[in-house]
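Visitor: Each chain is listed here by its residues.
Protein chains: 2
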Amino acid sequence: MNTSEDEVIARLRGIARSGAAAGQVRLGIGDDAAIFAPKQGHETILSSDWFIEGIHFSRTLHAPDAVGWKCLARALSDIAAMGGTPRCLLLNLALPSTHTREWLMHFLSGLRRASQKFGCPLAGGDTTQRRDILINVTVVGEIRKTLAIRRSGAAAGDAIFVSGTVGEADLGLALLRRSRRRPLRTTSALRKHLYPEPRVLLGKWLAEHRLATAMMDLSDGLSTDLSRLCDASGVGACIRAADLPAPQLSAGTGKWKFKNLDPVALALNGGDDYELLFTVPRHRVPRVPKTLRGVRLTHIGEITRDRRLALVTLNGEAVELQPRGWDPFRRDSK
Amino acid sequence: MNTSEDEVIARLRGIARSGAAAGQVRLGIGDDAAIFAPKQGHETILSSDWFIEGIHFSRTLHAPDAVGWKCLARALSDIAAMGGTPRCLLLNLALPSTHTREWLMHFLSGLRRASQKFGCPLAGGDTTQRRDILINVTVVGEIRKTLAIRRSGAAAGDAIFVSGTVGEADLGLALLRRSRRRPLRTTSALRKHLYPEPRVLLGKWLAEHRLATAMMDLSDGLSTDLSRLCDASGVGACIRAADLPAPQLSAGTGKWKFKNLDPVALALNGGDDYELLFTVPRHRVPRVPKTLRGVRLTHIGEITRDRRLALVTLNGEAVELQPRGWDPFRRDSK
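Chains F and S, in that order, are what the protein sequence lines are. Residue numbers for the first sequence, in this note's numbering: 3 to 336. Residue numbers for the second sequence, in this note's numbering: 3 to 336.
Hint data in this document are derived by calculation from the structure and do not stem from the laboratory. In this text the structure is predicted, and so the values were computed from the model without any measurement. Keep in mind that a hint or two might mislead.
Unchecked claim - If you want a taste of the chain S side facing chain F, the calculated C-beta under 10 Å gives, among others:
no.	residue
1	Glu7
2	Ser60
3	Asn94
4	Gly121
5	Ala125
6	Asp134
7	Asn138
8	Ser154
9	Val290
10	Pro291
11	Leu294
12	Gly296
Claimed, not checked - A short, non-exhaustive set of chain F residues, derived as facing chain S with CB atoms under 7 Å:
no.	residue
13	Ser6
14	Asp34
15	Glu304
Don't be surprised by glycine CBs; every beta carbon is placed ideally from N, CA and C.
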């Protein structure tokens with residue numbers, strides 16, 4: 003029996019209702035559009051993200067529950083990167099007709115957990131049928147006027163920080179790929195690859211304390227994303243390999259060897275971390291805590307006037323830092 | 003030479019800048035998210051729409067300029083269907099690397115014309131590489147509080163109206179398919195298929211005059227969409243085949259014969275019209291003009307207490323009206 007579009011929509015509507023409190027969503031799934039009541043004195047933050055089978059996830063490697071969590075988590079990360087609070091989401095889903103029942107149920111269960119945890123109810127979207135699984139998530143967030151943190155505010159002398167660890171999600175993907183049919187121990191790297199935690203609280207905290215001059219989230223890899231932040235701000239940067247919160251290859255990788263994985267290269271070029279990269283004026287650095295609600299904040303370098311990107315290697319040598327993160331239009335470059 | 007994601011984004015940024023006045027868009031393409039300043043006393047309307055090669059358009063049949071226009075026009079139609087005013091859009095684009103130059107340029111040109119005509123500048127989105135062309139458009143609109151027109155407000159006795167013609171876009175598609183390599187005369191049916199005009203002004207007018215009790219746009223076909231409006235309102239409907247503003251098969255179809263096309267069937271089940279379907283309390287029907295700014299408004303039937311859908315055929319016979327419009331999950335049913 004075929005499922006009709008209206009039946010798929012009915013399933014989504016179930017999720018929307020049972021999700022987080024509707025909050026400012028005045029009209030949800032089932033009409034031509036959703037209606038959202040903006041908060042006075044706030045600006046609206048809008049972000050969309052693709053999550054496509056064969057690019058961002060694999061039908062065989064990734065459980066539908068993780069796909070549901072992560073497609074929302076990455077979009078929420080963009081709201082976090084502005085310092086905003088998520089308010090609601092639009093889910094755009096194209097599915098094979100074989101995936102409108104069990105797969106959809108598990109997918110929606112992962113999505114719902116992220117939606118509840120971050121207070122971001124499902125408000126609308128569009129569904130269609132397709133041989134591949136295509137997902138596009140739009141998240142609407144809010145922030146008090148003048149508080150949003152852009153990429154373009156970094157100034158020479160600012161300290162560069164990252165949250166959490168960088169490169170760990172890429173290590174998690176490597177672990178998952180090598181695991182094949184063997185049961186895989188849940189490690190923090192694997193969790194980070196499958197169920198990343200957008201840094202919403204940290205982003206809000208930095209915005210409310212007006213501590214960060216520039217901020218963005220790390221989705222394509224530190225080397226690529228840092229170069230974007232520097233381009234937007236018209237500055238350069240120098241970071242120190244020794245200070246990078248790189249993943250520990252010994253911890254949690256179990257019996258697999260990672261001879262060709264270098265922690266510094268992972269930290270510089272591994273994508274999908276959804277950590278925050280932000281800059282803080284030098285005199286305010288002491289106000290940045292070592293950890294915020296369990297999330298480590300690490301000072302990894304400085305913004306420079308000179309527009310180049312430099313890396314001080316583990317040997318103490320200063321070299322040019324090349325953007326070698328993820329670029330969907332140059333997939334073979336990695 | 004490969005195009006990088008940053009180059010594609012630079013092209014989009016060019017469009018965003020040269021587009022309609024930025025209006026309430028405070029921060030556009032190039033940051034983690036867009037920032038939008040909502041108008042006081044207004045609610046935000048949010049709508050997303052897929053536009054996918056092989057489902058909604060064909061790379062060989064449809065010029066990129068028309069793809070650019072139509073992907074935005076259909077999303078704007080959802081804003082029109084609430085009575086709202088479009089404010090900005092997020093464009094999500096997945097393209098083959100062969101399409102990041104000429105095809106993208108023409109696509110963006112069509113998108114820009116729609117964006118300028120309807121005052122809806124490009125504010126953000128996401129791009130990636132893919133063998134197929136995948137488009138998802140999110141449009142943000144606004145409407146004064148309490149004015150939004152939902153699907154659920156129709157009451158027994160209300161008159162049912164449609165704008166423009168119904169079934170004409172499907173006729174345009176048939177014309178385009180039969181034209182093959184012969185040059186095709188531009189007919190209104192073809193224009194309607196390639197460059198539909200979302201009824202934004204009509205939607206606003208109906209909302210501001212508080213004339214419509216329920217409204218939606220016709221995207222999947224009158225029979226299917228009317229059944230959705232009736233479901234949402236908990237009512238039924240009776241419409242008259244003789245009153246449907248069906249396409250004229252003789253006019254503009256040139257030398258091609260359409261023996262198997264029936265105007266009434268086209269009007270009932272043809273999709274992609276992006277006209278408005280709305281209901282008006284009986285005593286207010288005289289206040290609905292015959293045309294509004296050149297767009298015909300036709301009274302096609304009545305809402306009934308009985309929850310069934312009925313059609314009075316051209317022979318005057320009352321039959322059950324089956325929803326036979328477009329359903330992506332039952333594509334073979336059409």
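Visitor: Now look at each hint and say whether the structure bears it out.
Guide: Results of checking the hints against the structure:
This hint holds: Glu7 (chain S) has a C-beta 5 Å from the nearest C-beta of chain F, less than the 10 Å allowed. The beta carbon of Ser60 (chain S) comes no nearer than 15 Å to any beta carbon in chain F, farther than 10 Å, and the hint placing it at the interface is violated. Against a cut-off of 10 Å between C-beta atoms, the interface hint on Asn94 (chain S) holds, since the closest Cβ of chain F lies about 5 Å away. The interface hint given for Gly121 (chain S) is violated, since its Cβ lies 17 Å from the closest Cβ of chain F, which is over the 10 Å cut-off.
Checking Ala125 (chain S) against chain F by beta carbon gives a least distance of about 6 Å; that is within 10 Å, so the hint holds. Because the beta carbon of Asp134 (chain S) sits about 8 Å from the nearest beta carbon in chain F, less than 10 Å, this interface hint is met. With 10 Å as the threshold, the beta carbon of Asn138 (chain S) comes within range of chain F, its nearest partner Cβ sitting at about 4 Å, so the hint holds. The beta carbon of Ser154 (chain S) is positioned within 10 Å of a beta carbon in chain F (closest approach about 8 Å), and the interface hint is therefore held.
The interface hint given for Val290 (chain S) is broken, as the beta carbon of that residue sits about 20 Å from the closest beta carbon of chain F, more than 10 Å. Nearest Cβ of chain F to the Cβ of Pro291 (chain S): about 23 Å, over the 10 Å cut. The hint is violated. Below 10 Å, beta-carbon pairs count as interface contacts, and Leu294 (chain S) has none with chain F, the closest being about 19 Å; its hint is therefore violated. Hint status for Gly296 (chain S) relative to chain F: violated, with the closest Cβ pair at about 23 Å, above 10 Å.
Interface restraint check: Ser6 (chain F) against chain S, minimum CB-CB distance 5 Å, threshold 7 Å, status holds. A least Cβ separation of about 4 Å between Asp34 (chain F) and chain S falls short of the 7 Å threshold, and the interface hint therefore holds. Interface hint status for Glu304 (chain F): violated, as the beta-carbon distance to the closest one in chain S is roughly 22 Å, over 7 Å.
Checked against the numbered hints above, the structure violates hints 2, 4, 9, 10, 11, 12 and 15; every other hint is satisfied.
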